[in-house]
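> One-letter residues, chain by chain:
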Amino acid sequence: MTFLEIRNIVKEFGGKPALKNISFEVSKGELFSISGPPTAGKTTLLKIVSGLLTPDSGKIYLDGNDITETPPSERNIGMLFEIPPVYPNLTGFENIAFPLRVKKLPESEIRKEVLRVAELLGIKHLLDRHPSTYSGGEYQRVGLARALVRNPKVLLLDEPFRNLDAKIQEFMRTWLKKLQKEIGITVIHATHDPLEAMAVGDRVGIMLKGELKQVGRPDEVYLNPMDIEVTEYITIPAVNLFDGVIRIKGGFVEIDVEGVFSLRKSCEAGFEEGEEGEKEVIVGIRPHDLRLDINPRRDWVKTTLALIQPYGSEVLLLLKLNDKYVRAVADKTMMLTEGAEIYINIDPKNIMLFDRKTKRRITI
Amino acid sequence: MTEISLKVENLRKTFGNTVAVDDVTFEVRRGEFFSLIGPSGCGKTTTLRCIAGLEKPDKGRIIIGERDVTNLPPQMRNVGLVFQEYAVFPHMTVYENMAFGLKIKKLPKDEIHNRVLRIAELLNLEEYLNVRAGRLAQALMQRVALARSIIVEPEILLLDEPLTLVDAKIKELMRRELRRYQKELGVTILHVTHDQLEAMMVSDRIGVMCQGKILQIGTPIEIYDKPNSIFVARFIGSPTMNLIEGRLEQYNDELFLDADDVGIPLYGVSSEKLRGYIGKDVVLGVRPEDIEILTQPTEGSFAGKITLIESLGSKLEIIVELNSVTLHVLSPLRRDLKVGQPIHLKIRPTKAHVFNKTTENNIMLEEV
Amino acid sequence: MGVASKVLRIVAIAIFMAWLMIPIVWTLSLSFKPYLEWRAPHFWPKNPTLLNYKILFFYQREIAGTTGGTALTKPMITPLINTLIVVGVSTIIAVIIGFFTAYGASRYNSPGPFGLYFTLLTRMVPPATFVTPVLIYYRMIGFLDTQLGLILLYAAATVTYSIWILKGFIDQIPREWEEAAILEGLSPLRAMLRVTLPLIKSALVVSGLFIFLMNYSEFLFALVLTTRNAVTLPVHLTTYVGGSGVLYGAQAACGIVASIIPLVIGYVIQRHLITGLTFGMVRA
Chain U
0 MTFLEIRNIV KEFGGKPALK NISFEVSKGE LFSISGPPTA GKTTLLKIVS GLLTPDSGKI
60 YLDGNDITET PPSERNIGML FEIPPVYPNL TGFENIAFPL RVKKLPESEI RKEVLRVAEL
120 LGIKHLLDRH PSTYSGGEYQ RVGLARALVR NPKVLLLDEP FRNLDAKIQE FMRTWLKKLQ
180 KEIGITVIHA THDPLEAMAV GDRVGIMLKG ELKQVGRPDE VYLNPMDIEV TEYITIPAVN
240 LFDGVIRIKG GFVEIDVEGV FSLRKSCEAG FEEGEEGEKE VIVGIRPHDL RLDINPRRDW
300 VKTTLALIQP YGSEVLLLLK LNDKYVRAVA DKTMMLTEGA EIYINIDPKN IMLFDRKTKR
360 RITI
Chain A
0 MTEISLKVEN LRKTFGNTVA VDDVTFEVRR GEFFSLIGPS GCGKTTTLRC IAGLEKPDKG
60 RIIIGERDVT NLPPQMRNVG LVFQEYAVFP HMTVYENMAF GLKIKKLPKD EIHNRVLRIA
120 ELLNLEEYLN VRAGRLAQAL MQRVALARSI IVEPEILLLD EPLTLVDAKI KELMRRELRR
180 YQKELGVTIL HVTHDQLEAM MVSDRIGVMC QGKILQIGTP IEIYDKPNSI FVARFIGSPT
240 MNLIEGRLEQ YNDELFLDAD DVGIPLYGVS SEKLRGYIGK DVVLGVRPED IEILTQPTEG
300 SFAGKITLIE SLGSKLEIIV ELNSVTLHVL SPLRRDLKVG QPIHLKIRPT KAHVFNKTTE
360 NNIMLEEV
Chain E
0 MGVASKVLRI VAIAIFMAWL MIPIVWTLSL SFKPYLEWRA PHFWPKNPTL LNYKILFFYQ
60 REIAGTTGGT ALTKPMITPL INTLIVVGVS TIIAVIIGFF TAYGASRYNS PGPFGLYFTL
120 LTRMVPPATF VTPVLIYYRM IGFLDTQLGL ILLYAAATVT YSIWILKGFI DQIPREWEEA
180 AILEGLSPLR AMLRVTLPLI KSALVVSGLF IFLMNYSEFL FALVLTTRNA VTLPVHLTTY
240 VGGSGVLYGA QAACGIVASI IPLVIGYVIQ RHLITGLTFG MVRA
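Residue numbers (numbering that gives the first Met the number 0), protein chains in the order written: chain U, 0 to 363; chain A, 0 to 367; chain E, 0 to 283.
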């Protein structure tokens, strides 16, 4: 059930639009991840939700109440900023206790709450120490403790893992997900890394240039991006884009990929019978979806292997096709040498087609 | 010209009571891309700084080219340095940036001009020569930083976490470009990073460091497939390798791991070296992508229950529980799995690693 | 580094230290010399005396022995108190105003860059330019020879230093740290006082000391704007002149006593000085 509703939020800074009509909903206990490049407006959006910034127009509803006009400290929303508010001159305990001291709670209660949160996050050993002695992950957790100690209804996280080592990021993501499920708090998490958003979020929202372009479950958004911008953003390694033309005839569609590939597939259900025609498109192929073979095969296209890069459990390949470069992912077991010939093909079902003019996705 | 661009011998550096670099020895061949990786605080940056001449080691030698530079100041070591913040002068044009180092060396003007044009052509920067460096996109700025550092023709280029602050999307592009240009130009590079995936993507060889020591040196594939210790096995690879403690037992000629309430068969694993460990406590290591998920049991499979399914774009990370043991499995996309579903797992035979519990070394790599 | 260059380094430092310290040590020695030795070339007093110091604190008629003249000197107590009050209060005002201004400049861009550079202008013009206008102005409003007049002038003249020093430190503190406190219920003002202020303690101390020292030795305006009641130490020093000439010994003694105060202050706050002067600050 909808717990947090953001409706038609618009925000401009000095005439320049920062947020263009943002609307979305978050269910109670959900972990909603917003992903977008650095200037997309994620931090601005989070600050508006928390109340630190006022929108030019739009409304925010929390648990049925209109909180658009409510001052930030009364919204019961906690926020962890990109640089966590962990003050170097205070001990861990004092840092976490800060919001409770502001509220002027009795000392015994403060002590109880701080210990409760410290226990929950596994940071009791940091309470007596100063932040200069903390590691990156510990620092983050103390900041999180401070945001949680007031028992907020919603938690906002702004790039919480940005400054951590890659390995620690991996650990913290799982830890966060587990913690969130354990305490059942509603979370909005903002990150510039689309993979992090998809791994962490129950649902993800892709934010580009101030617009929330697409919202959905991670696998849905990944497999069905709505236009080229979203596709380019969420596909890692970067998606391959080709110019192309499609010809629809007799229930089949022929896809001509830059004169290099020619593919054919039957039109999907729901498509109009008897429709014919030609259309200029852009063809998107994910590196993982390319089929590869070192031996020549009929109808497969020849490329030259320009670069091999080990990529964890797989291998990232850069293939030269005429004067263009194509990215592909291969299994480690393939015998690959740079300079060799690699033959590529693609299952038409895995192709993404975009209208060349509108850049939007078309399903055929 | 020598075959070895950099030789580090028994390097040692302490700060007060902490030993930051503890008897580090390695070499970098000419034209090689060598990465030192490890968690923050492992000593990789200090090692780099000692090589650059920014720190004075307590013990050890540093030999660049054929010269012992241990007692020489940085500017006399013939090294190039590229830091995190690109080290380009934002207010100067690309041309001026590239000419800067040569001007300091007081090269004649036309020689400078020629070199700048040549390097610009090699790095595809010709059209940007008159652009202010600060105006360029991140990836281009990195190219300029690279151009600046190689134009003075150093023996070796030292990179200190150059891509750490870069956005996820651009990182992929920059890693590719860095590797391509390095290969094309044959630049010798020593690169320091905490990001193991990055190191794997760009390096010819990698040195894994932990608490001041180098634990293993090898090609990315070697280190990935044959980690010599639990630390290396855990540090390399994402998602992290599964590590399960238990006792190695044998039943009907098949080995399996007895982890209290779970038995994990090591189907198809046979090694003389393991025989000596039967009945002893070991640590089993399996990478998430080396575990198969089957709907039906087969020979060598074991049962578990799916507790979480995470989408990783073109793959799925599936968390499976077997009583007290939790395993992470990396699987290609498939639609037939659900949370709570009981399934069967099987470890790919050649992909199991067994570590000695006390020494944490990889038993299969031990010399008999 | 070879032994030769190390020795050279030590010698250079020794020479530099000597060049700095000799005048100070000479003054110290001079303060203990009797009248006859004031113009003498030898370093240490042959007949050390405390007379010069007595002059500082008591009215004197005679200061010489056999050949000397007479001099009427006023004790330094009033000027000392004046100086402490004037310089102390003006420093505090300058630092407080500087803090608020720097905070506004850093967080709200107000004053903007133009405003900030404008405050710097006050230091770019030779101070002597302002003497006449200020003199006339002060006479008009009755601020001549008052502590208040000097306090306001000193504060206005040095506030630009505290603004610049403090802004640099405040810029280094992430804005989010105050925003977190606001989110938790503090008003922006209280957030500034409870979050930012404690974090820049060292900067406050450094700018305070810097301004204190500037004002402590300010001479021109103190000379022109005071006559009797609000005279400060630098001006008072010039009154040590007798029928026979300048009373060097007394001046030396006065100088030594006047230096004690900054020395004591510097010693007490030295920990903050190290942090503040090296801009070693917040580690995010």
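Read the hints as simulated data drawn from the structure, not as lab findings.
Hints are not guaranteed to be accurate.
To be verified - Straight line, CA to CA, 25 Å or less: simulated SDA-like cross-link-like pairs of lysine to any residue:
1. U:Lys15 / U:Asn64
2. A:Lys225 / U:Glu313
3. U:Lys176 / A:Lys212
4. A:Lys350 / U:Phe170
5. U:Lys180 / A:Asp194
6. U:Lys152 / E:Phe99
7. U:Lys331 / A:Arg204
8. U:Lys177 / A:Lys212
9. A:Lys225 / U:Asp330
10. U:Lys111 / E:Ile12
11. U:Lys102 / U:Asp55
12. A:Lys314 / U:Arg172
13. A:Lys212 / U:His191
14. A:Lys337 / U:Arg202
15. A:Lys314 / U:Tyr133
16. U:Lys176 / A:Arg204
17. A:Lys168 / U:Asn349
Computed from a predicted structure; not experimentally measured.
> Give a verdict on every hint.
For each hint, the structure was consulted:
Restraint check for U:Lys15 and U:Asn64: not satisfied, since their Cα atoms lie roughly 30 Å apart, outside the 25 Å limit. Distance check on the hinted pair: A:Lys225 and U:Glu313 sit about 16 Å apart at the alpha-carbon level, within 25 Å; holds. Our distance criterion of 25 Å between C-alpha atoms is broken by U:Lys176 and A:Lys212, whose separation comes to about 34 Å. The straight-line distance between the Cα atoms of A:Lys350 and U:Phe170 is roughly 23 Å, inside the 25 Å bound, and the hint therefore holds.
For the hint pairing U:Lys180 with A:Asp194, the CA-to-CA distance comes to about 28 Å; that exceeds 25 Å, so the pair is violated. For the hint pairing U:Lys152 with E:Phe99, the CA-to-CA distance comes to about 35 Å; that exceeds 25 Å, so the pair is violated. Annotation: proposed proximity of U:Lys331 to A:Arg204 holds, straight-line Cα distance about 17 Å (limit 25 Å). For a cut-off of 25 Å, the pair hint linking U:Lys177 to A:Lys212 is broken: about 34 Å separates their Cα positions.
Simply put, A:Lys225 and U:Asp330 have alpha-carbon atoms about 17 Å apart, close enough for the 25 Å limit, and the pair holds. At most 25 Å may separate the alpha-carbon atoms for a hinted pair to count; U:Lys111 and E:Ile12 exceed this at roughly 58 Å. Of the pairs offered as hints, the one joining U:Lys102 and U:Asp55 is violated, with about 30 Å between alpha carbons and a cut-off of 25 Å exceeded. The straight-line distance between the Cα atoms of A:Lys314 and U:Arg172 is roughly 17 Å, inside the 25 Å bound, and the hint therefore holds.
Simply put, A:Lys212 and U:His191 have alpha-carbon atoms about 34 Å apart, too far for the 25 Å limit, and the pair is violated. The suggested pairing of A:Lys337 with U:Arg202 holds, with an alpha-carbon distance near 17 Å, which does not exceed 25 Å. About 35 Å separates the Cα atoms of A:Lys314 and U:Tyr133, which puts this hinted pair outside 25 Å; it is violated. Our distance criterion of 25 Å between C-alpha atoms is broken by U:Lys176 and A:Arg204, whose separation comes to about 35 Å.
In summary, the hint linking A:Lys168 to U:Asn349 is supported, as the alpha carbons are separated by about 22 Å, within the 25 Å threshold.
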